[in-house]
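Undergrad: Note that the working numbering has the sequence shown beginning at 1, numbered continuously upward.
Derived by calculation from the structure, the hints in this document are not laboratory data.
Errors might be hidden in some of the hints.
[As the list claims (entries may be wrong)] Think about it this way: if two alpha-carbon atoms lie no more than 30 Å apart in a straight line, the pair counts; the simulated BS3-like pairs of lysine-lysine are:
no. : residue 1 : residue 2
1   : 60        : 232
2   : 330       : 384
3   : 598       : 496
4   : 187       : 60
5   : 548       : 562
6   : 644       : 598
7   : 548       : 644
[As the list claims (entries may be wrong)] Label pairs and their in silico Cβ distance ranges:
no. : residue 1 : residue 2 : range
8   : 226       : 484       : 55 to 65 Å
9   : 529       : 597       : 45 to 55 Å
10  : 425       : 399       : 40 to 50 Å
For every residue, glycine included, the Cβ atom is placed at its ideal position computed from N, Cα and C.
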Amino acid sequence: MASIEPKPRASATGNATTHGMDTTLCNTSTGASLVNEVTIDRSVPDVSSDMIAIQRRHKKTLQKQYEKMEVKTILIKEKVRTFQLVDHYTELTIISDLRQRKLVEHELLARGRDHEEWRQKQLRGELETIRTDKLFHSSFSKGSHSPSSQGSGSDSRTGISAVVSGVAGIGKTTMVQKIIHDWATGKIYPHFHFVFVFKFRDLNRLHDRATLSRLIGEQYPYLRDVLDELWKHPETLLFIFDGLDEFRARIDFADSRRHTEPQRRCTDPEFLCDVSDIVCSLIQNKLLPGCSVLVTSRPTALQLLAKAQVSVWAEILGFVGEERKEYFHKFFEDQEVAAAVYSHVEENELLLTMCFNPSYCWILALSLGPFFTRNHSNKQRVPKTVTQLFSYYIYHILTHHSVKMESPRDVMLKIGEMAFTGVSQRNIVFNNEDLIKFNLQPSQFLSGFLMELVERESSEHSVVYTFPHLTIQEFVAALAQFLSPNPGNLQKHLNKAHREEDGRFEIFLRFVAGLSSPRAAQPLEEFLSPFVHQTTCAVIDWLKEKVKGQIRDTDTVTGKRKLLNTLHYLYESQNRALAQLTLGSVHTLTFGDISPGKALRLTPIDCVMVSQAIRLCDTIKQLNLRSCCIQTEGLQCLVPALHKCQELL
Numbered sequence: 001m002a003s004i005e006p007k008p009r010a011s012a013t014g015n016a017t018t019h020g021m022d023t024t025l026c027n028t029s030t031g032a033s034l035v036n037e038v039t040i041d042r043s044v045p046d047v048s049s050d051m052i053a054i055q056r057r058h059k060k061t062l063q064k065q066y067e068k069m070e071v072k073t074i075l076i077k078e079k080v081r082t083f084q085l086v087d088h089y090t091e092l093t094i095i096s097d098l099r100q101r102k103l104v105e106h107e108l109l110a111r112g113r114d115h116e117e118w119r120q121k122q123l124r125g126e127l128e129t130i131r132t133d134k135l136f137h138s139s140f141s142k143g144s145h146s147p148s149s150q151g152s153g154s155d156s157r158t159g160i161s162a163v164v165s166g167v168a169g170i171g172k173t174t175m176v177q178k179i180i181h182d183w184a185t186g187k188i189y190p191h192f193h194f195v196f197v198f199k200f201r202d203l204n205r206l207h208d209r210a211t212l213s214r215l216i217g218e219q220y221p222y223l224r225d226v227l228d229e230l231w232k233h234p235e236t237l238l239f240i241f242d243g244l245d246e247f248r249a250r251i252d253f254a255d256s257r258r259h260t261e262p263q264r265r266c267t268d269p270e271f272l273c274d275v276s277d278i279v280c281s282l283i284q285n286k287l288l289p290g291c292s293v294l295v296t297s298r299p300t301a302l303q304l305l306a307k308a309q310v311s312v313w314a315e316i317l318g319f320v321g322e323e324r325k326e327y328f329h330k331f332f333e334d335q336e337v338a339a340a341v342y343s344h345v346e347e348n349e350l351l352l353t354m355c356f357n358p359s360y361c362w363i364l365a366l367s368l369g370p371f372f373t374r375n376h377s378n379k380q381r382v383p384k385t386v387t388q389l390f391s392y393y394i395y396h397i398l399t400h401h402s403v404k405m406e407s408p409r410d411v412m413l414k415i416g417e418m419a420f421t422g423v424s425q426r427n428i429v430f431n432n433e434d435l436i437k438f439n440l441q442p443s444q445f446l447s448g449f450l451m452e453l454v455e456r457e458s459s460e461h462s463v464v465y466t467f468p469h470l471t472i473q474e475f476v477a478a479l480a481q482f483l484s485p486n487p488g489n490l491q492k493h494l495n496k497a498h499r500e501e502d503g504r505f506e507i508f509l510r511f512v513a514g515l516s517s518p519r520a521a522q523p524l525e526e527f528l529s530p531f532v533h534q535t536t537c538a539v540i541d542w543l544k545e546k547v548k549g550q551i552r553d554t555d556t557v558t559g560k561r562k563l564l565n566t567l568h569y570l571y572e573s574q575n576r577a578l579a580q581l582t583l584g585s586v587h588t589l590t591f592g593d594i595s596p597g598k599a600l601r602l603t604p605i606d607c608v609m610v611s612q613a614i615r616l617c618d619t620i621k622q623l624n625l626r627s628c629c630i631q632t633e634g635l636q637c638l639v640p641a642l643h644k645c646q647e648l649l
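Start from the sequences, fold in the hints, and give me the full structure.
TA: Printed below as a string of structure tokens:
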């Protein structure tokens, strides 16, 4: 059996690797089906006879670059296999995203909750969808506006700017790959004569001012002699910029200096200016008026575009319905193993809810697969919590790809400290200087388990490193807390992380709590030596203090959210004695309120946590779920424990 994780060969982003997808798009603002309408309503000139050959070469170049997917597995010696993109994508769903909101929670959690709500609408048939070949549909764009403005949309003289957001690993880069491949093979967008693709991570390496012509010429040298001809018809050009969240330069569409300072006005492809000004000018239609632009980004970077004149706002939701099952059956060659793994996931509401994200599916399949092979005898040890799951993910890397190293514990501690600094500062991309700062040698990332734990990408300009997924970075950051020989300040660090209200530490804290469990720690201790007992005791003491204190602090939505988080921590710890000590005498659990604005909206995964908590209580006099919008699926998760509640609001 070989488990696989498809990854675009040309991918250069920090996103976790995912299947490609035939994505769909929902227009909730107009409510009208757009599938059968024409793709573009403005007249576009044909490709001139002297440009046909160069266009053909450009399409062949892109087709060759994007037709393959690298299938990566950490469980076999043959680590990479190559497949055709068209054979290994699983359909995802994209919706139009016009919601005005400030993300204050961990982006994965926030999106997970929103995803459940949208998934229910999808299953009820309330969302209409169109394919990505309609993404630059002029009718669709006229119905979509920037969240910060209510203008009239794009007209026939301006290009269409589209922004597609999504969390790490949801499929943004693979969506870009699919669009490029489909255009190069003549399946979509015939009105675009040339498509140009840039990754913001690559643009970070350009420290000097540049021109658009130079950027194009360096990436596509065969176009250098025809750029003047291309600029004559900007309406035939599409520029794609992937991974705005990884861009280190400042982009500010409200910056008035662009209008007053000559060096900031980028209105000509030959004008020398900062790369951020080139990107801004293209999106704003100041540079090459009439061209179209696609930008992908994580939700946390969308505020950079708040003042931009964007025609189409969209968001990738991930897998909806049967796509999750389809993923696992494409992942495994052995269909019996695929069925067994998916059945285990399906029975665990916590794991099933994670599966909206393709990269979570990959980690689940990769970690669970070995437990369901025919020669595996202990099905009782199958991971049930997220911490256990990620422990086995790291365990498999250490098992199959570790090299003889004097102290793997010391190396893992250093990489974990770097990961924790990244979580604290919201940084997901590291360079050689970062490694050296934490006493790591760049050469260590050329082989062995570190090469599997952290993805290394090099170019003639620089080398950068990223974890395959933000959640892996968070897990390694939590693991470092247990490897440190000096745990004296641990509770102080945990309290500081718990006080943060923007959610950046929520998953980190779940992992810290989970690693206090012997079952989660055991696989890693085999390679990293036993965890410091003082650290485990400190985490348990911290958990006891937080659960008891948070149960009494539920007057605000923030307090209710923190209580729910502590229940997640308690569940990950799998410490029944601790749970009974902190919850056994609890008489009231409050997540709701008679005022909807003061209630906490609970998803099915949240209801699982509440249900687990209630089972550990002696008797609950009152469970307050008023205005929590739990719906049928959430109620079903609560049913097994409701007999312990004397009063249910």
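Undergrad: All hints, please: hold or fail.
TA: For each hint, the structure was consulted:
no. : hint                     : verdict
1   : 60 with 232              : holds, 23 Å
2   : 330 with 384             : holds, 23 Å
3   : 598 with 496             : holds, 25 Å
4   : 187 with 60              : holds, 14 Å
5   : 548 with 562             : holds, 12 Å
6   : 644 with 598             : holds, 25 Å
7   : 548 with 644             : holds, 20 Å
8   : 226 with 484: 55 to 65 Å : holds, 58 Å
9   : 529 with 597: 45 to 55 Å : holds, 50 Å
10  : 425 with 399: 40 to 50 Å : violated, 32 Å
Hint compliance for this structure: hint 10 is the single one not met.
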